[in-house]
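Order-wise, the sequence lines are chains A and B. Everything in the first sequence is counted per the numbering used here, starting at 124 for the first residue and increasing by one. Everything in the second sequence is counted per the numbering used here, starting at 1325 for the first residue and increasing by one.
In case anyone wonders, no lab produced these hints; they're calculated from the structure. Just so you know, not all the hints are guaranteed correct.
Each pair of labels, with its calculated beta carbon distance range [what the hints assert, rightly or not]: (1) A:Leu148 to B:Pro1438: 42 to 48 Å; (2) A:Gly206 to B:Gln1485: 27 to 33 Å; (3) A:Leu148 to B:Cys1385: 47 to 53 Å; (4) B:Gly1383 to A:Ser182: 25 to 31 Å; (5) B:Ala1466 to A:Pro245: 54 to 60 Å; (6) B:Pro1351 to A:Leu246: 55 to 61 Å; (7) A:Ala209 to B:Ala1406: 25 to 31 Å; (8) B:Thr1456 to A:Arg203: 39 to 45 Å; (9) B:Glu1475 to A:Ser233: 33 to 39 Å.
Which bits of chain A does chain B cover? Going by a derived footprint, with three or more residues having C-beta under 8 Å, they are [as the list claims (entries may be wrong)]: (10) 161 to 172; (11) 196 to 210.
Sample of chain B residues lacking proximity to chain A, with all beta carbon distances greater than 12 Å (derived) [said to hold, decoys possible]: (12) His1368; (13) Gly1381; (14) Val1451; (15) Asp1458; (16) Leu1469.
Computed from a prediction, not measured in an experiment: that's the story for all the values here. A virtual CB, placed ideally from N, CA and C, is assigned to each residue, including glycine.
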Amino acid sequence: MKERLVLAPFSVASLPDSALADHALRIVQALLVDLDSAGAILVASVDGFKLAHGGRLGSDPARLAAMASSMAALGDTTSRETGIGAPSCMLIESNDGRLVVRSMQLRGRSVVVVLLIGKDLPLDRVKNSLAATEARLAEG
Amino acid sequence: MKNFKIVFTGPPGVGKTTAIAALSDLPPARTEVRNTDATLGPTHTTVAMDFGQVDLGRGECARLFGTPGQARFEFMWRIVAADAAGVVILIDNSRADPLGEFVAYLEAYRDLLPQMTFVAGIVRTEVCRQPTLDDYAEQLAARGLAFPVLEVDVRRRDDVQVMVDMLLTKARSRL
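Only chain A is shown next, with the shape it has when bound in the complex (with noise of 0.2 Å):
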């Protein structure tokens, strides 16, 4: 279906805050040194842009960054449909690998971060990591 889109009549994205990428950058940059830079990370926009990206993806970033919005948009809808509060994180566990989903505040904004990992890096390791950058980013 990608191939048969006809994307010229569509709006033309504006690009994102560069100071917001600036940052994104660094919880990026962050995360690799605490996973020991284990698999990929991507920051996206809550209104999925890119921002900021690093490690192998193995998808376009750009396209990446659309999921994980949606992923993410999905995942607060269903925990608030259902009763249980605001998502901390979403998990997709797959025969060869993880992909962790959380949203952060960054610089007043809500952010999506996307962690691409191994299933031999420990889900309690990845979660204090994600935990340690957003308490990082809440002290500015």
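Place chain B on chain A using the hints.
Relative to chain A, chain B alone:
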């Protein structure tokens, strides 16, 4: 109970979420987030899908799904359209190139057009009279297609109901 799946698609800000909210018996599930794209009008935009449901009476109900509008979410268009009884394409006549957007959606759904029922709802025709419904019909005819093209106000339940009824009339005949 017979259960039909209806999909609302179209460019950002055309009123897909509004249309579903107008017809749904319950407040729809939404996945709207703050829009960071300065080229778009709405402050919020759908990034995954909307979902509503309407009891049609006589043992029938319709599940109403809305797609995100932006082309970067095209992967959701196919996911949402799977197994649908029909698709409503909404086009805003007051935008710069409504016919171009209509054609873009015909192209995007090209391989589903022969197997699914479609209706086009043209909004904000009171703001901009051109192009006319005939212009849209000509675009369809040029591609060997024919399906209803209507002027609608998606805030009005009756208008949305008419589009869904048109889709379901054909969908029922296929059962």
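(request) Identify every previously stated hint that the structure contradicts and give their numbers, smallest first. (result) As far as the earlier hints go, 4, 6 and 12 are violated by this structure, in ascending order.
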